[in-house]
Amino acid sequence: MLTGGGRRGGAGWPHGRGLTCASPPAPPCFLPPAPHLEEAVAARRRTLLHPHGDHFTLINVFNAFQQHNADEGWCRKHALSTEALRLAAVVRAELLDVMRRIELPVSPPAFGSDSNLLNLQRALISGYFLKVARDIDGSGNYVMLTHKHVAHLSPGCCYLLRRPPPRPPPWVLYHEFTISQDNCLRIVSEIQPQMLVELAPQYYLSNLPPSESRDLLAQLRHEVAAPQEEAPAAPQEVPAQEDEEREVCAVQ
Numbered sequence: 001m002l003t004g005g006g007r008r009g010g011a012g013w014p015h016g017r018g019l020t021c022a023s024p025p026a027p028p029c030f031l032p033p034a035p036h037l038e039e040a041v042a043a044r045r046r047t048l049l050h051p052h053g054d055h056f057t058l059i060n061v062f063n064a065f066q067q068h069n070a071d072e073g074w075c076r077k078h079a080l081s082t083e084a085l086r087l088a089a090v091v092r093a094e095l096l097d098v099m100r101r102i103e104l105p106v107s108p109p110a111f112g113s114d115s116n117l118l119n120l121q122r123a124l125i126s127g128y129f130l131k132v133a134r135d136i137d138g139s140g141n142y143v144m145l146t147h148k149h150v151a152h153l154s155p156g157c158c159y160l161l162r163r164p165p166p167r168p169p170p171w172v173l174y175h176e177f178t179i180s181q182d183n184c185l186r187i188v189s190e191i192q193p194q195m196l197v198e199l200a201p202q203y204y205l206s207n208l209p210p211s212e213s214r215d216l217l218a219q220l221r222h223e224v225a226a227p228q229e230e231a232p233a234a235p236q237e238v239p240a241q242e243d244e245e246r247e248v249c250a251v252q
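Under UniProt numbering, the first residue of the sequence shown is numbered 1, with each subsequent residue one higher.
These are computed hints drawn from the structure, not numbers from a lab.
Where a beta carbon is used, it is the ideal one built from N, C-alpha and C, also for glycine.
Possibly wrong hints are sitting among the right ones.
As the list claims (entries may be wrong) - Here are the simulated distance ranges between beta carbons: (1) Arg-46 / Leu-118: 33 to 39 Å; (2) Arg-162 / Gly-127: 22 to 28 Å; (3) Ser-81 / Pro-201: 29 to 35 Å.
With these hints in hand, go ahead and build the complete structure from the sequences.
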């Protein structure tokens, strides 16, 4: 995962804030365990869960993989794909190399800090705003905004593995939709609809099929836009130190 801070107001940087490109490995990272090992594997995976969602759990998994020196035995115990995690390490090294060759300022990732988590959430929404679903009844029945299909969280989702399991998040961003008997959403993280309204392109809402979810987002957009129209904020000078911090990049 690549976390970066862009120049304030620069093209492609959402509202001049930090930008993060976050993507799970191409091959599946989580493998289905043998039936007689399901409980043991689930217990081991719980130690790697992150409260903000599966995308953040993947960072925990990768960091633990590195801490265990890419040990295949550790991967087998957790039913994780050694191939996927090694590929993630290769891609990460390539990204670092590219960033250094083009002389981007690189800093430690500081994973887990409030600003880092916020940047990751913003980048996920900026890149995957078309993959958002909303729980329509509070019991985990998710309607995908772009297709209006009903789906559920996959059994391996962090929100279902936690004990006791929390209430299903109202709004989620997902990485994969699997058409099956249960229509599962995989690699899922909770998002705030206010952030979706802020970061999704202007055409996003108008292209959504009619639904209660679209109406809720339209109302949020109206509430966000109204104060700005009444009292436009004056440009503020940003201290040089803060400006430099916004331009620092980090690889997770």
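Hint numbers not upheld by this structure, sorted from lowest to highest:
1
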